[in-house]
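Line by line, the protein sequences are chains A and B. Basically the numbering used here = 1-based index in the first sequence + 326. Basically the numbering used here = 1-based index in the second sequence + 572.
Since the hints were made in silico from the structure, they are not lab data. Beta carbons: idealized from backbone N, C-alpha and C, even for Gly. Hints are supplied without guarantee of correctness; some may be wrong.
[As the list claims (entries may be wrong)] Distance windows between CB atoms, simulated:
#	chain 1	residue 1	chain 2	residue 2	range
1	B	E576	A	Q374	56 to 62 angstroms
2	A	S369	B	V902	55 to 61 angstroms
3	B	S732	A	D416	57 to 63 angstroms
4	B	E612	A	G420	30 to 36 angstroms
5	A	V380	B	A822	30 to 36 angstroms
6	A	T452	B	E1018	30 to 36 angstroms
7	B	E711	A	S369	48 to 54 angstroms
8	B	G904	A	P457	54 to 60 angstroms
9	B	E711	A	V380	27 to 33 angstroms
10	A	T452	B	E990	32 to 38 angstroms
11	B	P686	A	D416	56 to 62 angstroms
12	A	S369	B	D833	37 to 43 angstroms
[Unchecked claim] In silico contact screen, one side only, chain A against chain B (beta carbon under 7 angstroms); selected entries:
#	residue
13	G337
14	V340
15	R405
16	S459
17	D469
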Amino acid sequence: MAGVAEHFEHGADVGVRGRGATPAEAFAGAAAALGSLWAADASSVRPQLTRSVVCEAEDLERLLVAFLDELIFLFATRRILLASLDVEIDAPPGGPARLVARGTGERYDPARHESTVEPKGATFTTLRVAPESGGWVAQCVVDV
Amino acid sequence: MFREISPNVWELPKTGRMRVPGRLYASRRLVEGLDEKVREQLAGVASLPGIVDAAYAMPDAHWGYGFPIGGVAAFDPDQEGIVSAGGVGFDISCGVRTYRTDLKEADLGDRLEPLAHDLYRSVPAGVGSEGALRLSKKELDELLVHGARWAVARGFGEESELDFVEERGRMRGADPTKVSDRAKERQLGEIGTLGSGNHYLELQIADRIFDAPAAQLFGIAEGDLLVSIHCGSRGLGHQIGTDYLKVLGAAGSRYGISLPDRELACAPIRSVEGQNYLGAMRAAINCALANRQVVGSLVRETLARRIPEARLSLLYDVSHNTCKEETHVVEGRPRRLFVHRKGATRAFGPGHPDLPERYRGVGQPVLVGGTMGTCSFVLAGTADGAALSFSSSCHGAGRQMSRMQAKRTWRGAALITELGSRGILIKAHSASGAAEEAPGAYKDVEEVARVAEEAGLSRRVARLRPIACVKG
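Looking at chain B on its own, in the form it has when it is part of the complex:
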């Protein structure tokens, strides 16, 4: 059982096969609503070789594949640490990209509906959708090495935007030769597509500023219109997840790793299989960064056609399903660790050298996607986060109800009408898909963001209220 050790901090004591304790950041209310599986999965992660400090769960944690979604765990290669595909997830480098505009809600006038309609038409989304870009295999390999930089070189967006993308738009260490032909085949028509399920494109109004100096540095003022995109690495990432589930599943026993659950399939970081997965997974990160760069460029073009006077500028682009090699100070000593964040956002604190200079004084923007009926948040990384969670914070509201139950509870068309009456225009490619994404199927994102702040993982900068949402 979780034990409350201080407000919003719960510990899962080390028992049985666990090498380290589990630690959950949550309010009492969030703990009461927590799926029992999160506890089991956190205990499983805590039992993996080379885990450092603790297995962490963020305030939006819920039942995932192998690792909980909202799970963070760091592994030390010098201590036989492992890398796990279940610690990253199938939608590798899924993330959020948010643009500022120089518009206020009133500037849209009667152009909101036509703009939302244009975005619905111009950004391919929904099951089976395809993008306009057709890549050769050689071009795809280049994209997998260069990420968003490849997209900018092809005319999608501007060079200056790359400073505001994690890894400056290009994940180093990507190895397209470790990505299967099947994974590449799944991607050929999918660059520049949003996907389906919980992926979206949203027009939002900054309706509350929590931290004025930070908001000013992030370029957000109350009443501003922002545009957020939530999508990932598409078919390529999904197939890499599928491929390496098998590879790592077979590797574990070869290296004598005994697992409490086969979902935790993993291999030592310093093994051929581990290195191959890392090379492929980094290629998928580049695929996601390029994809969001292309989708962002489509949004920019669409906005320019409908509202020629509008100016877009990139606030930031975060990935929330990754494993990254980072330096963290543990017990007073800097160590190179492989930090898995699955449904968790990197949240570097002020002064971190990987941050763009503009934000270095305030910390990394942490873009938290809400639901189409509630709000999203812009948070900022804290100095304390380094010791609390390897500089990680929440990534969204976090599901609390299954898709089946949501579909039984809500009807898509009625939900879209109800949200419309509350001033939120929904353009959905699937009405029943919208029902599965009903705001009530998620935890209270306000509470998730508040707990992330009170626990010290990140601090609230601005709240974004949706006014139009294109659902995949």
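Chain A with its partners taken away, still in its complex shape:
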């Protein structure tokens, strides 16, 4: 199941937040919140190609930053938008956290995808991956 995607306020940039039953769902939600900066309407992104994203970090919070940075890199270099992401996370206690995400999407088309700003990189600002209200929240500010 995909997580819930939200944006939150920041003075100059944009906060992205995902909520879900598991960290993986919350990550998928945060990715969807990031994706909506490139295509405000997720349904405008057609499932024309499939891509995988793999990353690793010391802990879950750094893993979120690494994951969002991979998606930013994918857009910046290939202009690829992934609308629907299936995320798997393996975070053993004490060990590095690993993520594999598979998504479908297409190449960015300014005529069809409504975008406002260009995400430059995920940051540690308000970075948080934690249990909340019986589920998980994953969030950070993205520099735009």
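Chain A is fixed; fit chain B onto it per the hints.
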């Protein structure tokens, strides 16, 4: 809390982990509108090793990443001083380049709209846009070493312009081997592009002269048409910010640096990680200088096609997200310091040897970008600025409202129509992006510029009123 110690000068006393006080240059009105986060971030910067004198915030300060935007801090390598990616920002060497023209508003006649349209079409801008230049990796490495000089050698602009670019167009000490392949890959199609968000290309009229002798030296007369470009190092700079956030984040604990906030990730200047970041960051400065040189050249060609009689000449090119090694006199002694300016403009005073000879008598031009609905300013660096802020001044109006709130408050199309009715033609690649950049989302740039002058950081030379703006 900030304490007013003299008009427009506020001090954040040294408490807790702070090694030096914080100092904010602002009017009471600007302080009242200030985000609480600026205070927290300034206190965090003041706690970093090797910081000299004080952590400064300019009149346009607002909440940034790690350091506040509008933040200035200098670090001494002899005192275990650090370098921080958060002190420079993701858009490394973002800046403003302003050209004079020999035209007045009336000379444009009915050619303003077609000219704005041509500029909109000829300068790649907006999310996902790509430039016409395709560089090999070898060419990109050369660009990263030679900056605007590389662009001039490739036929973009003239050699004589380089005198009017900071660092004479080439930042020394750039090391492309410290720039990741990913960062280079992000840049291959982005040279000669404006970007999006708050980046723009604007046609402006000098509608008020504050300092006639300085304006004369800068070559600005009332009624003149000027062209300003606001953009940065594009994808390469963003990826260097991303890469070194991790490198410096890991380095801090290795060198025993305890941080109040991980956003302040940093490494000693005299460490491998610190030197690597400096080499990469300087390469990004060159990338931005080359980018603005190429965009400027596109503007020149476009103008020549539509208005053949027009002549463009470069007023100056400033970078407002940098860390530079400079000599500053502290307590009567000259010291080599690493000055971080994040959303702050270098503002050398009269006589400084790094200024072009033409401006040496008056001080460095400080190009302050306003909003598309208000004004921009040309200021000049002052002698007093050296002691007040390591020769730094404001960089823009400074946001006061989040992008989300701006989008809830304004509709892009209505805003563009309203600005049009006020004589400001907007060509926007994204209507909702224009709403996020609504003039009301920013502080009052008139007040920011006035405070910068009253505090002694720089003095007002000319005000520029926008008549057409291409938004990325």
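Structure-based check of each hint:
no.	hint	verdict
1	B/E576 x A/Q374: 56 to 62 angstroms	60 angstroms, holds
2	A/S369 x B/V902: 55 to 61 angstroms	59 angstroms, holds
3	B/S732 x A/D416: 57 to 63 angstroms	59 angstroms, holds
4	B/E612 x A/G420: 30 to 36 angstroms	32 angstroms, holds
5	A/V380 x B/A822: 30 to 36 angstroms	20 angstroms, violated
6	A/T452 x B/E1018: 30 to 36 angstroms	32 angstroms, holds
7	B/E711 x A/S369: 48 to 54 angstroms	41 angstroms, violated
8	B/G904 x A/P457: 54 to 60 angstroms	56 angstroms, holds
9	B/E711 x A/V380: 27 to 33 angstroms	31 angstroms, holds
10	A/T452 x B/E990: 32 to 38 angstroms	33 angstroms, holds
11	B/P686 x A/D416: 56 to 62 angstroms	58 angstroms, holds
12	A/S369 x B/D833: 37 to 43 angstroms	38 angstroms, holds
13	G337	3 angstroms, holds
14	V340	6 angstroms, holds
15	R405	5 angstroms, holds
16	S459	22 angstroms, violated
17	D469	4 angstroms, holds
Of the numbered hints listed earlier, those contradicted by the structure are 5, 7, 16.
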